[in-house]
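Student: Below are the chains, spelled out letter by letter.
Protein chains: 2
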Amino acid sequence: MDATALIAIDWGTTSARAYRQNASGRIVGERSAHLGIAQIRDGQFSSALATLLDDWAKDPAPRLACGMIGSRQGWAEAPYRECPVALDALAAGLTEVTGGRLAIVPGVTCLDSAAVPDVMRGEETQILGATLGVKRADATPYLVVLPGTHSKWAIVGDGRIEAFATYLTGELFAVLKEHSVLGRMMAATPAPRAASTQAFTRGVERGVAAKGKPASLLHDIFGARTLALFRELSETTTADYLSGLLIGSEIREGVAWASGRGVSADRVVLIGAPALVERYTVACALAGVVTVAGPADAAARGLWWIARHAGLVT
Amino acid sequence: MDATALIAIDWGTTSARAYRQNASGRIVGERSAHLGIAQIRDGQFSSALATLLDDWAKDPAPRLACGMIGSRQGWAEAPYRECPVALDALAAGLTEVTGGRLAIVPGVTCLDSAAVPDVMRGEETQILGATLGVKRADATPYLVVLPGTHSKWAIVGDGRIEAFATYLTGELFAVLKEHSVLGRMMAATPAPRAASTQAFTRGVERGVAAKGKPASLLHDIFGARTLALFRELSETTTADYLSGLLIGSEIREGVAWASGRGVSADRVVLIGAPALVERYTVACALAGVVTVAGPADAAARGLWWIARHAGLVT
Numbered sequence: 001m002d003a004t005a006l007i008a009i010d011w012g013t014t015s016a017r018a019y020r021q022n023a024s025g026r027i028v029g030e031r032s033a034h035l036g037i038a039q040i041r042d043g044q045f046s047s048a049l050a051t052l053l054d055d056w057a058k059d060p061a062p063r064l065a066c067g068m069i070g071s072r073q074g075w076a077e078a079p080y081r082e083c084p085v086a087l088d089a090l091a092a093g094l095t096e097v098t099g100g101r102l103a104i105v106p107g108v109t110c111l112d113s114a115a116v117p118d119v120m121r122g123e124e125t126q127i128l129g130a131t132l133g134v135k136r137a138d139a140t141p142y143l144v145v146l147p148g149t150h151s152k153w154a155i156v157g158d159g160r161i162e163a164f165a166t167y168l169t170g171e172l173f174a175v176l177k178e179h180s181v182l183g184r185m186m187a188a189t190p191a192p193r194a195a196s197t198q199a200f201t202r203g204v205e206r207g208v209a210a211k212g213k214p215a216s217l218l219h220d221i222f223g224a225r226t227l228a229l230f231r232e233l234s235e236t237t238t239a240d241y242l243s244g245l246l247i248g249s250e251i252r253e254g255v256a257w258a259s260g261r262g263v264s265a266d267r268v269v270l271i272g273a274p275a276l277v278e279r280y281t282v283a284c285a286l287a288g289v290v291t292v293a294g295p296a297d298a299a300a301r302g303l304w305w306i307a308r309h310a311g312l313v314t
Numbered sequence: 001m002d003a004t005a006l007i008a009i010d011w012g013t014t015s016a017r018a019y020r021q022n023a024s025g026r027i028v029g030e031r032s033a034h035l036g037i038a039q040i041r042d043g044q045f046s047s048a049l050a051t052l053l054d055d056w057a058k059d060p061a062p063r064l065a066c067g068m069i070g071s072r073q074g075w076a077e078a079p080y081r082e083c084p085v086a087l088d089a090l091a092a093g094l095t096e097v098t099g100g101r102l103a104i105v106p107g108v109t110c111l112d113s114a115a116v117p118d119v120m121r122g123e124e125t126q127i128l129g130a131t132l133g134v135k136r137a138d139a140t141p142y143l144v145v146l147p148g149t150h151s152k153w154a155i156v157g158d159g160r161i162e163a164f165a166t167y168l169t170g171e172l173f174a175v176l177k178e179h180s181v182l183g184r185m186m187a188a189t190p191a192p193r194a195a196s197t198q199a200f201t202r203g204v205e206r207g208v209a210a211k212g213k214p215a216s217l218l219h220d221i222f223g224a225r226t227l228a229l230f231r232e233l234s235e236t237t238t239a240d241y242l243s244g245l246l247i248g249s250e251i252r253e254g255v256a257w258a259s260g261r262g263v264s265a266d267r268v269v270l271i272g273a274p275a276l277v278e279r280y281t282v283a284c285a286l287a288g289v290v291t292v293a294g295p296a297d298a299a300a301r302g303l304w305w306i307a308r309h310a311g312l313v314t
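Keeping their order, the protein sequence lines are chains A and B.
FYI, the numbering for the first sequence is 1 to 314, going by this note's numbering.
FYI, the numbering for the second sequence is 1 to 314, going by this note's numbering.
Only chain A is shown next, with the shape it has when bound in the complex:
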């Protein structure tokens, strides 16, 4: 068995995933548990970690975590770094859990054009892990997109996160599907693939909003209901349309946000679970945005880099 150099943990709201990495940073073991911070009662983080690590718990290797475990509701609050933030600075800003033998990567914050704060925890590490090996022809800042419950769009360049913006896309889809009048028109069974793709495409195109058909999200969401009412969508395709509409809207908003900061949406790096990256790849293509998929193990890569630069591993 390879000696462990680092136990790297991606510890979020709903789940935790641990990686055992050897001296060259290669992942030689992986385990996960539904032990996100939302599932942990009464501050029982230490026993949650023991459960997650199982027999790795005896391993003397250093441990480094990123994600919501560093939030106010987590084990120890790892103070935010403000944008623009050099990725190096993440390694210099680790927070140690008291008596817990765990270091936590700081989150990142920035202000939007209306002076409303924005936050990320975990994504900064994934961005680092995904962009380490990216070779670009020039030094122009580019976009990294992490789709999900709270999607992040980040402008990255010159080893820094310049700025980022969060979109509530995934969570909005879930609450509308589960709890709104739209959900009552959706069947639990999926549509045949061709019908599903067609409805998703129509939704994306509406969300992206072609010239002469301005977007109006509060109105367009209602359209998912009326299209079903007029049988242009079926019980099995209404969810695909809504998903496309929201993802298309996110792409429209994200591209406009980047454009307002002088960054064009070409060669966007997508990071996330394969099925979600696939969905965003299709939607981005419909919006004329070219994407490349980042590595699936971006968090582990980022944690490895941070551990080395923080001197946790040598």
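Simulated from the structure, these hints should not be mistaken for lab results.
We put the CB at the ideal spot given by N, CA and C, even for glycine.
Honestly, I wouldn't trust all of these hints.
The calculated lysine to any residue pairs, modelled on SDA-like cross-linking and capped at a C-alpha distance of 20 Å, are [claimed, not checked]:
(1) A:K177 to A:A195
(2) B:K211 to A:R261
(3) B:K211 to A:A195
(4) A:K177 to A:A275
(5) A:K213 to B:H179
(6) A:K211 to A:A139
(7) B:K213 to A:G262
(8) B:K211 to A:A115
(9) B:K213 to A:A275
(10) A:K177 to A:T189
(11) B:K211 to A:G262
(12) A:K177 to B:H179
(13) B:K213 to A:S113
(14) A:K211 to B:G262
(15) A:K211 to B:A256
(16) B:K213 to A:T189
(17) B:K177 to B:R231
Selected chain A positions facing chain B (Cβ under 8 Å, derived; list incomplete) [what the hints assert, rightly or not]:
(18) L94
(19) E96
(20) V97
(21) T98
(22) G148
(23) G170
(24) L218
(25) F222
(26) S249
(27) W257
We have chain A already, so just place chain B on it with the hints.
Tutor: Quick look at chain B alone, frame taken from chain A:
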């Protein structure tokens, strides 16, 4: 007791309200019940009507209803009229319930710029009732706004509904408050009035989106969470901010929609429950939109007018 000339019923998804009107159209009695079509099982509309009317059920006066009772899920489907629709045409399009001694006003439909259908049922009657007595200096089309779960913005002119658009504002607020991560930061107790107003105002201003601070709804909704996280909003004011943000966004979208059809948002007629009309009046003022409140009994007025023009009352 005044003789009854008409029993007018505003029969929606969640509640039903009946008005007894005398020969001059004055409301001489009113009753309501939580007997919206969503509460009625197995097509028991006839007994629901008997419950609602109580001792009025013996009254031989004609009965006229508007609202979701005329939908596919209602008692009898009253086919939609297409925009532009002359308000006269509503009286010519009544649907009779088989054996039920009830006539139902048709709903109205139109297509938006992306050819997505839109629908209203009940609001067409309220618009009619609210605009009958409106004297305008010129014949320019104007806006009528009916805030609610599914807010309607309608362009009215020359005795016609030219076009309309629905916004999912109220329902989106409810599902986000009850079921999203935002709701977990909201206390059940209301804020002190000054703090509530301040948070609502900030939300409206964000939703309306001043120059140089472009709107981005999927992003801005997340801002309600981060403002709470950074303690710029409290547990008791986060809901006010979200409400303001969504209403402000609706106003921005609605004004842009009307403007795209050459209609300016001056002297907008607001129809609805007093508390909601008050909220929209404040929000519209912040957005530079001048409003006038329509009558509270718009549905009863509209039903009376339709009943007369349909020959139900003479």
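Student: A separate judgement is required for each hint: does it hold in the structure or not?
Tutor: Comparing the hints with the structure gives:
no.	hint	in the structure
1	A:K177 to A:A195	holds, 19 Å
2	B:K211 to A:R261	holds, 15 Å
3	B:K211 to A:A195	violated, 41 Å
4	A:K177 to A:A275	holds, 19 Å
5	A:K213 to B:H179	violated, 31 Å
6	A:K211 to A:A139	violated, 32 Å
7	B:K213 to A:G262	holds, 15 Å
8	B:K211 to A:A115	holds, 14 Å
9	B:K213 to A:A275	violated, 34 Å
10	A:K177 to A:T189	holds, 13 Å
11	B:K211 to A:G262	holds, 17 Å
12	A:K177 to B:H179	holds, 11 Å
13	B:K213 to A:S113	holds, 5 Å
14	A:K211 to B:G262	holds, 17 Å
15	A:K211 to B:A256	holds, 14 Å
16	B:K213 to A:T189	violated, 42 Å
17	B:K177 to B:R231	holds, 18 Å
18	L94	violated, 21 Å
19	E96	violated, 23 Å
20	V97	violated, 21 Å
21	T98	violated, 23 Å
22	G148	violated, 12 Å
23	G170	violated, 10 Å
24	L218	holds, 4 Å
25	F222	holds, 5 Å
26	S249	holds, 6 Å
27	W257	holds, 6 Å
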